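Number of protein chains: 4
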Amino acid sequence: MEREDLILQVAEDVLEEKGYYDTSMEEIATRVGIAKGTIYTHFSSKEELVASIFARDMNKFIQGIDKLLDSGQSPRSRLESLLNYFYDGLYSRRAKLLTSTFTGVDLKRLISSKNGSVHQMWDCIVSKVAKLIEEGKVAGEFRNDVSTQAMIFMILSIISPRVYDHVLIGDNFTAKELHQQLISLCFNGIISPEDK
Amino acid sequence: MEREDLILQVAEDVLEEKGYYDTSMEEIATRVGIAKGTIYTHFSSKEELVASIFARDMNKFIQGIDKLLDSGQSPRSRLESLLNYFYDGLYSRRAKLLTSTFTGVDLKRLISSKNGSVHQMWDCIVSKVAKLIEEGKVAGEFRNDVSTQAMIFMILSIISPRVYDHVLIGDNFTAKELHQQLISLCFNGIISPEDK
Amino acid sequence: MEREDLILQVAEDVLEEKGYYDTSMEEIATRVGIAKGTIYTHFSSKEELVASIFARDMNKFIQGIDKLLDSGQSPRSRLESLLNYFYDGLYSRRAKLLTSTFTGVDLKRLISSKNGSVHQMWDCIVSKVAKLIEEGKVAGEFRNDVSTQAMIFMILSIISPRVYDHVLIGDNFTAKELHQQLISLCFNGIISPEDK
Amino acid sequence: MEREDLILQVAEDVLEEKGYYDTSMEEIATRVGIAKGTIYTHFSSKEELVASIFARDMNKFIQGIDKLLDSGQSPRSRLESLLNYFYDGLYSRRAKLLTSTFTGVDLKRLISSKNGSVHQMWDCIVSKVAKLIEEGKVAGEFRNDVSTQAMIFMILSIISPRVYDHVLIGDNFTAKELHQQLISLCFNGIISPEDK
DNA sequence: TATGAATGAGTTTTCATTCAT
DNA sequence: AATGAATGAAAACTCATTCAT
Numbered sequence: 001m002e003r004e005d006l007i008l009q010v011a012e013d014v015l016e017e018k019g020y021y022d023t024s025m026e027e028i029a030t031r032v033g034i035a036k037g038t039i040y041t042h043f044s045s046k047e048e049l050v051a052s053i054f055a056r057d058m059n060k061f062i063q064g065i066d067k068l069l070d071s072g073q074s075p076r077s078r079l080e081s082l083l084n085y086f087y088d089g090l091y092s093r094r095a096k097l098l099t100s101t102f103t104g105v106d107l108k109r110l111i112s113s114k115n116g117s118v119h120q121m122w123d124c125i126v127s128k129v130a131k132l133i134e135e136g137k138v139a140g141e142f143r144n145d146v147s148t149q150a151m152i153f154m155i156l157s158i159i160s161p162r163v164y165d166h167v168l169i170g171d172n173f174t175a176k177e178l179h180q181q182l183i184s185l186c187f188n189g190i191i192s193p194e195d196k
Numbered sequence: 001m002e003r004e005d006l007i008l009q010v011a012e013d014v015l016e017e018k019g020y021y022d023t024s025m026e027e028i029a030t031r032v033g034i035a036k037g038t039i040y041t042h043f044s045s046k047e048e049l050v051a052s053i054f055a056r057d058m059n060k061f062i063q064g065i066d067k068l069l070d071s072g073q074s075p076r077s078r079l080e081s082l083l084n085y086f087y088d089g090l091y092s093r094r095a096k097l098l099t100s101t102f103t104g105v106d107l108k109r110l111i112s113s114k115n116g117s118v119h120q121m122w123d124c125i126v127s128k129v130a131k132l133i134e135e136g137k138v139a140g141e142f143r144n145d146v147s148t149q150a151m152i153f154m155i156l157s158i159i160s161p162r163v164y165d166h167v168l169i170g171d172n173f174t175a176k177e178l179h180q181q182l183i184s185l186c187f188n189g190i191i192s193p194e195d196k
Numbered sequence: 001m002e003r004e005d006l007i008l009q010v011a012e013d014v015l016e017e018k019g020y021y022d023t024s025m026e027e028i029a030t031r032v033g034i035a036k037g038t039i040y041t042h043f044s045s046k047e048e049l050v051a052s053i054f055a056r057d058m059n060k061f062i063q064g065i066d067k068l069l070d071s072g073q074s075p076r077s078r079l080e081s082l083l084n085y086f087y088d089g090l091y092s093r094r095a096k097l098l099t100s101t102f103t104g105v106d107l108k109r110l111i112s113s114k115n116g117s118v119h120q121m122w123d124c125i126v127s128k129v130a131k132l133i134e135e136g137k138v139a140g141e142f143r144n145d146v147s148t149q150a151m152i153f154m155i156l157s158i159i160s161p162r163v164y165d166h167v168l169i170g171d172n173f174t175a176k177e178l179h180q181q182l183i184s185l186c187f188n189g190i191i192s193p194e195d196k
Numbered sequence: 001m002e003r004e005d006l007i008l009q010v011a012e013d014v015l016e017e018k019g020y021y022d023t024s025m026e027e028i029a030t031r032v033g034i035a036k037g038t039i040y041t042h043f044s045s046k047e048e049l050v051a052s053i054f055a056r057d058m059n060k061f062i063q064g065i066d067k068l069l070d071s072g073q074s075p076r077s078r079l080e081s082l083l084n085y086f087y088d089g090l091y092s093r094r095a096k097l098l099t100s101t102f103t104g105v106d107l108k109r110l111i112s113s114k115n116g117s118v119h120q121m122w123d124c125i126v127s128k129v130a131k132l133i134e135e136g137k138v139a140g141e142f143r144n145d146v147s148t149q150a151m152i153f154m155i156l157s158i159i160s161p162r163v164y165d166h167v168l169i170g171d172n173f174t175a176k177e178l179h180q181q182l183i184s185l186c187f188n189g190i191i192s193p194e195d196k
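From first to last, the protein sequence lines stand for chains A, B, C and D. Note that my numbering has the first sequence beginning at 1, numbered continuously upward. Note that my numbering has the second sequence beginning at 1, numbered continuously upward. Note that my numbering has the third sequence beginning at 1, numbered continuously upward. Note that my numbering has the fourth sequence beginning at 1, numbered continuously upward.
One thing to keep in mind: the hints can contain errors.
Identical copies carry no separate label here, and so any pair may be met within one copy or between two of them.
[As the list claims (entries may be wrong)] Calculated cross-link-like contacts (lysine-lysine; reagent style DSS-like; alpha-carbon spacing at most 30 angstroms):
1. Lys36 <-> Lys176
2. Lys176 <-> Lys131
3. Lys36 <-> Lys131
4. Lys46 <-> Lys131
5. Lys137 <-> Lys46
6. Lys18 <-> Lys137
7. Lys36 <-> Lys137
8. Lys137 <-> Lys60
9. Lys46 <-> Lys176
10. Lys67 <-> Lys131
Rather than coming from a laboratory, the hints here were simulated on the basis of the structure. Because the structure is a prediction, the values reported are computed rather than measured.
Given only the sequences and the hints, what does the whole structure look like? Please build it.
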């Protein structure tokens with residue numbers, strides 16, 4: 001079991017670093033310090049390995065989401081908590097990898113076609129977010145003139161990893177500060193209040 | 001010349017559909033109806049082919065942007081025009097492919113490391129958007145409490161292609177309508193006006 | 001006709017410089033300043049082109065040999081003339097290319113299997129040398145205790161091109177001087193006269 | 001290890017038979033009875049494979065040379081032993097392949113440019129031969145009126161493989177007998193003793 | 001359970017040769 | 001005769017996967 005976790009850990013690192021195609025089983029094995037074949041005693045294929053990365057601890061992660069959503073706070077507060085949870089939660093890296101499937105051509109097919117379980121997790125999260133938005137609309141906190149789907153898109157965009165982070169983030173901001181600003185934009189838009 | 005354009009056309013299709021690594025020269029050739037070697041009489045390598053896709057007509061595209069930005073309208077109007085231009089402009093597909101490099105792990109290296117020209121185009125567009133935002137801030141139209149960088153992120157997120165479009169878009173909305181809603185969110189946020 | 005000669009000229013240059021496999025029809029055409037296809041209007045294949053290089057002016061070359069051999073001098077003198085003729089004759093480069101087939105793995109099959117004409121030329125020259133040696137033996141000038149074949153080998157070795165010429169030839173000798181010394185060795189061996 | 005040796009063995013055969021360019025990894029694999037990819041688990045590239053052929057047992061071979069040269073016999077005897085050692089020594093085939101780089105255009109680049117180790121081995125052997133010749137000159141056994149370099153050329157010529165062996169060797173001589181005659185020629189030249 | 005050598009299908013790329021213009 | 005775009009067979013090399021030990 002420990003070994004399995006170690007493989008997942010390393011695989012996740014390499015995957016994030018190099019992308020799906022530039023990640024070879026050889027490199028994962030070498031970094032873990034085991035033989036290539038050993039990986040296959042734990043995971044039946046490269047795809048299954050990646051799916052396992054996504055699935056790992058995902059139950060706990062979703063439980064964390066549920067906890068937030070059941071906190072009794074206003075929808076707006078809960079959404080803010082959710083965005084922060086995605087950003088710096090215990091499983092944030094996996095979450096980012098998962099949301100990267102939202103835009104990446106890379107993991108597209110992997111997720112959409114084969115691994116039903118990953119797809120389910122994804123749908124599960126999306127439906128929770130949708131439910132939260134709907135609540136916020138009913139409560140009058142969120143706009144009613146925009147579809148829930150569009151809002152989901154916006155939210156997912158914020159928590160998706162951006163390849164050019166390192167290019168665009170200057171010395172003025174940390175990634176964390178940028179994230180806060182994006183939340184603010186998500187909530188209030190870029191238009192100056194006086195102009196509304 | 002016609003043949004070259006045809007190759008680029010088909011390559012763009014396959015690239016969008018399958019991603020860089022799952023796109024083989026063989027398939028491109030087959031779909032075009034030519035021999036594999038023929039591609040190499042027009043493009044010296046797979047990388048060069050992809051770079052050519054990005055580069056194609058990109059000058060015209062950037063000229064289109066310049067035209068919009070010089071229209072004399074308010075920054076807000078110009079930004080709206082820009083977002084629509086990206087969405088349904090003559091070269092929208094290429095633009096989307098380009099912005100997909102914003103999130104995709106796939107084309108990351110291709111863009112960042114080798115093809116200087118693609119990188120330049122990208123920087124050129126980003127700096128134009130940045131300039132527009134700064135103008136809007138000075139004019140008081142855009143918020144001054146959020147960094148230009150964060151706004152750029154938001155804007156790029158909207159015009160980036162989303163893999164799950166087909167999944168999330170139901171019967172209620174067309175992609176076009178969704179895009180309009182995203183622009184609205186970008187401008188005004190998801191928070192209801194009464195709550196501000 | 002002129003064009004054909006120009007192609008042969010250039011092809012010979014490239015062939016000597018790069019070897020058979022690293023010589024591409026493309027490069028020959030480019031250097032000549034014509035299109036690749038044009039070469040094929042003059043020579044039906046790469047092999048035929050190379051064979052033509054060998055064959056070019058070979059009649060004149062062989063006539064030159066005949067002239068030497070008919071000079072009425074002693075076999076020894078005639079052999080010496082022959083070696084020099086090979087070395088700096090008008091067609092020495094082609095001759096060297098030809099004799100390079102004596103050791104090179106490169107042109108081996110090309111010569112031995114297909115091009116009957118080249119093979120014939122080669123046999124023609126070898127038989128002339130053999131005849132000269134036999135004469136020398138009869139005249140008592142050449143040793144009778146060594147087979148004519150061995151002598152031919154030695155002679156061909158001397159006139160074969162050596163790849164490492166440039167490495168081994170120092171500042172002390174020119175290629176010409178080295179050649180003279182090799183002739184001397186061929187005639188008298190490396191053993192000091194006092195020791196015989 | 002056995003497998004690696006088998007590959008080297010077969011590769012050597014094919015290389016000798018067909019030359020570098022006409023030897024495909026596919027054919028080597030097929031002849032060995034293994035898959036193409038297997039070769040690459042042992043040798044990282046075609047070049048490395050060929051370099052390994054040269055390097056194989058070469059240390060032992062050079063030790064054999066050292067043993068001969070330290071035998072205390074006269075330079076002439078030692079040279080004779082050396083030539084025979086090259087001819088029928090345990091590693092004669094590899095040695096011949098090595099000396100073939102002396103004339104072949106084929107392996108020229110492979111040796112001269114990349115594989116430093118092969119180049120070193122070559123230089124090592126050449127310098128040993130040079131030293132022996134110098135000794136012989138000092139001892140008065142070898143001629144002083146001919147440069148050491150020329151003598152090296154002659155000696156290397158004798159031990160180089162000759163493509164046309166099979167053509168020129170008739171029924172009268174074996175390759176071994178021919179070799180002995182060439183040694184005799186190398187020592188005493190082709191001129192009859194009475195004529196000197 | 002772990003190993004790592006072996007596999008072979010698949011990929012990019014090259015280049016002699018052809019052929020419509 | 002000349003062109004040069006098009007061809008396609010063949011090559012080197014990669015890597016996820018298998019399997020005997």
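Results of checking the hints against the structure:
no.	hint	in the structure
1	Lys36 <-> Lys176	neither (37 angstroms within a copy, 48 angstroms between copies)
2	Lys176 <-> Lys131	both (27 angstroms within a copy, 24 angstroms between copies)
3	Lys36 <-> Lys131	neither (44 angstroms within a copy, 51 angstroms between copies)
4	Lys46 <-> Lys131	neither (34 angstroms within a copy, 45 angstroms between copies)
5	Lys137 <-> Lys46	neither (42 angstroms within a copy, 49 angstroms between copies)
6	Lys18 <-> Lys137	neither (40 angstroms within a copy, 37 angstroms between copies)
7	Lys36 <-> Lys137	neither (52 angstroms within a copy, 55 angstroms between copies)
8	Lys137 <-> Lys60	within (28 angstroms within a copy, 43 angstroms between copies)
9	Lys46 <-> Lys176	neither (33 angstroms within a copy, 37 angstroms between copies)
10	Lys67 <-> Lys131	within (14 angstroms within a copy, 42 angstroms between copies)
Hints 1, 3, 4, 5, 6, 7, 9 from the list above are not met by this structure, while the remaining hints are.
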